[in-house]
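K.L.:
Chain by chain, the residues:
Number of protein chains: 2
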Amino acid sequence: MAKEFVVTPWEVKGDIDYDRLIKQFGVKPLDEVILKRLEKLAGKLHYFLKRKIFFAHMYFDSILDDVEKKKKFYLYTGRAPSGPVHLGHLIPWIFCKWLQENLDVPLLFQIPDEEKFFFKEGLTLEDTKKWAYENILDIVAVGFDPKKTKIFLDTEYAGHMYKYACLAAKKTTLSTAKALFGFTDSNNLGELFYTTMQSVPAFLPTVIEGKTTQCLIPCAIDQDVHFRLTRDIAPKIGYSKPATILCRFLPSLAEGGKMSTSIENTAIFTNDKPEQVKNKILRYAFSGGRDTVEDHRKKGGMPDVDVSYQYLTYYLEDDKKLKQIYEDYKSGKMLTGELKELTIEVINKFLKEHRKKKDKAKDHIEKFMLRD
Amino acid sequence: MAKEFVVTPWEVKGDIDYDRLIKQFGVKPLDEVILKRLEKLAGKLHYFLKRKIFFAHMYFDSILDDVEKKKKFYLYTGRAPSGPVHLGHLIPWIFCKWLQENLDVPLLFQIPDEEKFFFKEGLTLEDTKKWAYENILDIVAVGFDPKKTKIFLDTEYAGHMYKYACLAAKKTTLSTAKALFGFTDSNNLGELFYTTMQSVPAFLPTVIEGKTTQCLIPCAIDQDVHFRLTRDIAPKIGYSKPATILCRFLPSLAEGGKMSTSIENTAIFTNDKPEQVKNKILRYAFSGGRDTVEDHRKKGGMPDVDVSYQYLTYYLEDDKKLKQIYEDYKSGKMLTGELKELTIEVINKFLKEHRKKKDKAKDHIEKFMLRD
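First to last, the sequence lines map onto chains E and S. So the number in this note's numbering is just where the residue sits in the first sequence, counting from 1, plus 575. So the number in this note's numbering is just where the residue sits in the second sequence, counting from 1, plus 575.
By construction, these hints were calculated from the structure, which means they are not laboratory data. Check before you lean on any hint, since a few could be wrong.
When chains are identical, the list treats them as one kind, so a pair holds in a single copy or across two.
[As the list claims (entries may be wrong)] Simulated crosslink set (BS3-like; lysine-lysine; CA at most 25 Å straight-line):
{"id": "1", "residue 1": "Lys786", "residue 2": "Lys705"}
{"id": "2", "residue 1": "Lys786", "residue 2": "Lys704"}
{"id": "3", "residue 1": "Lys753", "residue 2": "Lys695"}
{"id": "4", "residue 1": "Lys811", "residue 2": "Lys695"}
{"id": "5", "residue 1": "Lys937", "residue 2": "Lys927"}
{"id": "6", "residue 1": "Lys746", "residue 2": "Lys705"}
{"id": "7", "residue 1": "Lys931", "residue 2": "Lys723"}
{"id": "8", "residue 1": "Lys705", "residue 2": "Lys811"}
Kindly produce the complete structure, drawing on both the sequences and the hints.
P.N.:
And the structure:
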């Protein structure tokens, strides 16, 4: 029996069947043909692609057509700020940076500070703005090129955005919004309208690149529904349909679902100190190990359900080393404790570097910001 | 049997029973007590008040409390641009000007250029912007003080407005919006969201006046529903409930309903030439006269249903003269043709002056404009 799971922009839970999601959302798998084309153009493939962390797309082939014809495109991604950045948030950003570097492409980075305000009780616009600027430090720390990257908050850039949101809003009936997002009469008007603001960066090629260029949106697959709507609207108002390239969710420390800011001790934040990271992984990371050492040595571990191992697939670039760990764990040669220590080391090494860059980011934010 | 009528921000039709509207909308009649208070403070009463053209209000007494205590307030009115300005549009503006002059009060003038775009098929944002700037000439021609009057288009001032619209949107459920505006699943997301933008100027005291001041909105009663919602939201987000002072509709040339841009030959536009005004009134103005001169002389005319006479109540300031006309027409002494000639003269005199000021307005618009 297929397990139940839910994937919406506001809720991800259960044991996600990504193949079913591809069908359900009407997107396409990132197949070998398309990966080969990208490899030829970029000169290499990011390990997120080889490991199918990015696993689905819409119109990414059309972006590759443009690149082959030396026609420009631009990247658009985002971050809805309501708390600290965790390891899951960084995945699409790291991938954007790789695309920016290897395909020489500009990036529009949206911070929809009103989204979480609309959807969460008790959050003010002051709260989300505070988180926005904290999160921007993490974004800048990823290493984007300030000459080719623009970041904006919706409430600070609405003067430019609102008229495009109006164009999108006129083309979207309540009926369509209900069908796509499951809205009911108890949703507020902000929740209803918000999706039009998430469409807007797909209509802003002139901000960052030539007028007729298409955009590519690297993001986690929960955001796909917004861009399904954007693709429906775009040709009606004179724009290209945005392409998407979609990634899986970094699992939460506990089994199932995605890493989430709102559930304590399921996420590793970029601000977590090495000791905290260690404790969280040791205490909470769901283990694919056996109940006793004896049993583990005999039957072997289960890397495919082990959360520490999953984290290594996202954060350990070395393919050979990863393969070795997989085999050692599966054979029972490597114990859960050893796997966890290794993961702690990899994550803490990454975070140490990240925090260094984050500290320096403070002085560089203004180079990136777009405001009205 | 009570006649059926409809009054919404998007449709006014039928023979309007204003007493019933007062009950239906939960507003208060402008009674003698409140008018006496205003007269004492302003030194006089505008004839729109004496003739009950402005006939209802909410919290206008609280505005008068403020004036008595020498506490400031500000005016807010608006114009949704989708065509030329007609004589009906001018009524709240003329009244705003009178309030500005006699109570020394600043005015925020909203031009929601996205509203008609959302609600009318075939209108673009370029169309409504074009009309916005044409209509602003009419607004400036009314004679507002540029030092105390600020005009803005929603699409040009959204950078300031959007965050306040978000505050309003979070406090308004779809259920409330449906109940107030009658929305269905076929409405678009812009139509749903728009009311939050119409609330915003009630939350912008700092733009024009002190932080804690209340606003007074002079407008036609069809707009009341928006401000009913604003009054509900305001205290929840830390603002005073806006007060309203509400006027009747200038009748259309044909019997019943209000003067409307969208129905040809029912409206007199400020750009109509004297000959056009003459022809429209002679040909279309619904007459309260009798079928034959003989009958008219015997039974007398019916000024209360005569559209020309109604126009005189809006545009002929001289109380004595108006009373004389009423009596002469009612007694049969004055014929419909004579009444129409008189009305044509009064309207054309007004429009001649208005157009002179409108011609000069071109050079002064920028003194009034607020932009992001």
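K.L.:
At most 25 Å between C-alpha atoms: does Lys811 with Lys695 qualify within a copy, between copies, both, or neither?
P.N.:
Classified as between; 16 Å across copies, 32 Å inside a copy.
K.L.:
Is it within, between, both or neither when you check Lys746 against Lys705 at 25 Å Cα-Cα?
P.N.:
between (33 Å within a copy, 22 Å between copies)
K.L.:
When no copy is specified for Lys786 and Lys704, does a C-alpha distance of 25 Å or less occur within a copy, between copies, both, or neither?
P.N.:
between (30 Å within a copy, 22 Å between copies)
K.L.:
When no copy is specified for Lys753 and Lys695, does a C-alpha distance of 25 Å or less occur within a copy, between copies, both, or neither?
P.N.:
both (19 Å within a copy, 22 Å between copies)
K.L.:
How would you label the pair Lys705, Lys811 (within, between, both, or neither) given a Cα cut-off of 25 Å?
P.N.:
For Lys705 and Lys811, only the inter-copy Cα distance (22 Å) is at most 25 Å; the intra-copy one is 36 Å.
K.L.:
With identical chains treated as interchangeable, where does the CA-CA distance between Lys937 and Lys927 reach 25 Å or less: within a copy, between copies, both, or neither?
P.N.:
within (16 Å within a copy, 62 Å between copies)
K.L.:
Using 25 Å as the alpha-carbon threshold, which applies to Lys931 and Lys723: within, between, both, or neither?
P.N.:
Classified as within; 22 Å inside a copy, 52 Å across copies.
K.L.:
Given a CA cutoff of 25 Å, do Lys786 and Lys705 count as a within-copy pair, a between-copy pair, both, or neither?
P.N.:
Between copies, since 24 Å is at most 25 Å while 33 Å is not.
The structure meets every hint from the earlier list without exception.
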